[in-house]
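Enquirer: Go ahead and model the full structure; you've got the sequences and the hints to work with.
Sequence order for the protein chains is A and B.
Sequential numbering of the first sequence, starting at 1, is according to this note's numbering.
Sequential numbering of the second sequence, starting at 845, is according to this note's numbering.
For the record, the hints were derived by calculation from the structure and aren't laboratory data.
Coverage of chain A stretches by chain B, computed from C-beta distances (three or more under 8 Å per stretch; other residues unrestricted):
| no. | stretch |
| --- | --- |
| 1 | 723–730 |
| 2 | 739–747 |
| 3 | 774–785 |
Restraint ranges, calculated between C-beta atoms of paired labels, are given here:
| no. | chain 1 | residue 1 | chain 2 | residue 2 | range |
| --- | --- | --- | --- | --- | --- |
| 4 | A | Thr-681 | B | Gly-1101 | 46 to 54 Å |
| 5 | B | Asp-1148 | A | Ala-302 | 36 to 44 Å |
| 6 | A | Asp-89 | B | Lys-891 | 25 to 33 Å |
Just so you know, even glycine gets a beta-carbon here, dropped at the ideal spot from N, CA and C.
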Amino acid sequence: MRISLAIACAVLSVSFANAAEPATPSKVDFNREVRAILANNCLQCHGPDEKTRKAKLRLDIREDALKAGAFVPGKPDESELIKRVCTTDTELRMPPEKLKKPAITPAEIAILKRWIAEGANYSDHWSFTPLKRPAVPKVDNPAFSVRNAIDNFILYRLQQEGVKPAAEADRVTLIRRLYFDLTGLPPSPEEVRAFVEDKAPDAYEKLVEKLLASPHHGERLAVWWLDLVRYADSAGYHSDNPINVSPFRDYVIKSFNTNKPFDQFSIEQLAGDLLPNATLEQRVGSAYNRLLQTTEEGGAQAKEYIAKYAADRVRNYGQVWLGGTIMCAECHNHKFDPYTQADFYSIAAFFADIQEPAVGNRGPGTPVANAEQEAKIKTLADAITAAQAKLGTAAKEFAEKPDAFADVEKWTSPPVAKKAPTVVVVPADVKSIIAKKPAERTPAELAKLAAFAQINAPALKPERDAIAAATKAKTDYETTLPRVLMSVSGPPRTVRILPRGNWQDDSGPVMTPKTPGFLPPLPANADPKTRHTRLDLAKWSISPENPLTARVTVNRLWRLFYGNGIARSLEESGTQGPLPSHPELLDWLATEFQTKWDVRHMIRLMVTSSTYRQSSAETPAIRERDLTNKLFARQARARLDAEFVRDTALAVSGLLNREIGGASVKPFQPAGYWSALNFPTREWQKDAGAKVYRRGMYTHWQRSFPHPAMVAFDAPSREEAACDRPRSNIPQQALVLLNDPEFVEAARVFGQKALAEGGKDDPARIAWAFERATGRKPNEKEAGLLASLLAKHRTEFAAKPAEAKALLAIGDTPAPKDAKPEEVAAWTNVCRVILNLHETITRQ
Amino acid sequence: MNLDAIKLHKRRTFLTQACRGVGAVALGSLFGNANAAEDKWRGVVTKPHVPPKAKRVIFIVMAGGASHLEMFDNKPELLKQHGKPFPESISKGQPIAQLQGAKLTCFGPQWGFKKQGKSGQEMNELFTHLPEVADDLCIVRSLHTEAINHDPAHTFMNTGSSVSGRPSMGSWLTYGLGAETDDLPGFVVLTSSRGGQMQPIASRQWASGFLPGRFQGVHLRGQGDPVLYLANPKGVGQDQQKDVIDAVSQLNQIHNGVIDDPEVATRISQYEMAFKMQTSVPALMDFKNEPAKILDMYGTKGTDGSFAANCLLARKLAEKGVRFIQLYNRDWDHHGGVKDGIKGKITEIDQPLTALIKDLKRLGMFDDTLIVLTGEFGRTPMSQGGSGRDHHMKGFSVVLAGGGIKGGTSYGATDEFGYNAVENVFPVHNLHATMLHLLGIDHERLTVRFQGRDYRLTDVHGHVVKEILA
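Expert: Right under this line is the structure:
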């Protein structure tokens, strides 16, 4: 494979030269051409990690390399570096044979030579350099209308390359694309038709605004964000018991729906609990810090898991906000990037204040009530207060009765836990008051008697019971409220550098919260003795000086709307990741984002550009020119994400429950899928009613056994950050779409709908159903295929009524009583075909 | 660039870009075009790095952590010290699981051992079948892992790391080599148990991590649909199911005439594969064509999810060309009652395991099938609660047999207490490196770039242990 990789590099660089480089060779670009050669071949032994450094040579810093005599600027042939990679002496040749690295190719050597000849200049890695707003390039005679700066950058490059962009996609494709991209749902045929027929010049923009304002927009973005922050409904390790975090999902949806600025969104998640006078919403946001994998396993050692949790948090923070691989510095300095091991543990120290059990159940968390629920709690609390007041009054009246305490010796306290009632012990002072004549009792004494009676007098039992009932009503109601594990700050744990990541080794120095040394500094505290907090980390992450957060976030947003990032890797913006294809565009977007952290503004820019509106059609010529679409001279085409595959079937069939937010739900899951879970053993308890038709994002997310229909379509386990989802195309997907009872039920209900609403005859209904799923009418051949399947299966089911009935019995929604079983059954199969179409589950 | 060049380019591009972030170029499409038959994954190791000795692996996990001290690692000195304090010089400062804070006492092997076969392989005297194949086994008594709790230990054994998210060894192998089967997945997982102390096993153990979903293990279940969602909907016969699939494929084909997307061809071939699995998997699970004497040899009557049935299934899967077959047998977590516990487990696995080896020999497949038997960790030489043993990672055993393994050998040893692997220490990474080597792969060369780093099954460790190779 290494050999193939070498060829691959060669093929890639050649084709990249075809696609992306101007014809005349310009000066060698260190970042684009040289850095990867050094990183792949040299830095493992001559990079930032001093522990593995050989021959005291460091090649990633120019001064160090010069000092060590690695090269002579301007004189490649006198440079040791060139001699060592060119020599045929295997003892001397770099990289050494034992590393099993592919030999450096002649093309790469040529680049190194030119680079040294031109002075061997270094430049900083793109993502680590300060953000500066690039000028928007002017484009003459644009190939499509320039709608915003995105188009300038894309067109400018295309003109340089001599590549024509694709034509605008047709309107049906455009509306489906916008619906899937912005809401994760397909448009209804009525919406498609209205858009196709809308001749207004701003028809497209109006549609975009409508979808951005849709409550489903927040859901769609939440699916993206929840992958990053590894949201799941279970603890992860071992027994993988449930954890209460669903209010965090609601928080994310709401944040996107209200277009909460991304800086605020970041602060609330990392440190919402530390904000002055933190609101409930902000504290719910801080549940981010509780989303990591945890254990309850007997025999797990607290110290080991404290170390695991610390590392987990650094990994996730490093991926989500820094878009990089600081996690590689857990055991040693990063081999390629300037992250040190001290940086890793200094970031860990920010999170050391979070209070949690090292080993054990996470507990139920804090109840989270909305306004309506708050009002109800207040009513219930008022009822308790009223009942208490009533008892007080009754006790006072009771105590004032002259003979009230005549039988006090016989009073018994109520039985507790099966024990027999005990005689009430009358305290001496009460006894002495009772001994007095009633008329001689002072008000203070009467009050004392009332207090005694309030607790003990059998006559006051009804009033006491009323308080108990009111209290229970409140408690009962509160247990129905959603709960969430929030961040609770406390005295920070000691964080040390763990040599080689070994949690048992206490020899490393103690680390305090600090941001990585090579990045802009964390502002000093007024009192230098004060420890920096998560809030400081959060503010630093979204500070204007931070070069990473804005870049990696807009790059990820771009991926949502263009199929690939401008920098292809969404998890590695460090030196080992591919360079951005349009660095100026990425920086322009990042600076635009930084001005107000307005997520919706960025999305609006992206989806209203002409670049976005291109067709996704490929031609052999386009493929040949730019196979992986680095130039964005066409739109991307991709199968829908797992959640949206499900949502689409439910929406098309009319079954979809469009409720937003709330606790996770359990739709159908094959029996026994959890059989390997234990402590305790569990069986998936399928929900009933409307709950089973909720969007896929609300399906209970069990980390050790994620829902199999979702896994088939590449939903991640959410054990770690999933910055990107692969888009596989595997037989399990066919099995789910064909056989999962939920999809079969959706097909049947879809078929019933076609019969009821689709028109007067088969052809009309077929066209109706096809259009509902794909947005377009079938052509003659397509309609014919479906018609013959319908006719054949209608006849077959008529001959086998039991089979038809069996098919109709699948799912919770009953088939209409008056329907002919063979008719509905045959239509079910027609609709199964339609729901299985590539076109139905693909965003084009 | 002609089409072939594009295909080649796609493949190469994939290799450099690793698996995520490939974006629209999904893995399935790499070879996909009009010819769906080409869609089969042939692996990235097109030319073996070293001459392969084995074609497939049957990896049997004694899940819960089998006690090496009652299976293959006889410790007479430990028996002598039974009941006495455990030497602090050995245990001090060592990680420990449920015995945290407890007084540590020596707990001698609970069963006698016998030397078996010409080679004198030492094993628990309760084994009555396994001795027949003793000279085919290589017993490594110096295995060493890095995680002391079940879940991370399984993850470490499967992926070479206890951090979740890396591909499991079955995924690596199918990614590297593809599979020889056309109608079954290349990586299949079977589980069995008879109740008892059943530690959970997460599906992450057969997940493909950052490799695409096609390399994930498929769990073949003893009950319900053997493969999830395999059965047709009730009321839909196989003919109608075929009609539905044919219609889907034809309509996809028509659509592809407009959009010309290789992904469509891949989808069509995936539907064909799904349809084939609907026939091939039930046929596989059906033992009616197996002669009675074979069923008797394994000690099974049919697919009932038992270990015996799974061993026979493993053989059938091996015959079909599945690359990596993993059998989890649960209930080896003997914190208490290790004596009776081990007796029960040996009774359960002895005959079928032996039958599997004999059956593979009968079919001429033993020489190119690598069989591995181990747990996620071993157990303490110290007593837990007077009758059991706690988790232990510093020394335990693995048995290897078949393709490329030198039979009748022992390798490595623990100290006289059975605590630390001291002679020829055999880390899990060495097991992985050696396993890959036997399949023709240099473990340092099967890498995938993810998060900017070239990942491999052995992380940055591992050596091929030549001493145990034939």
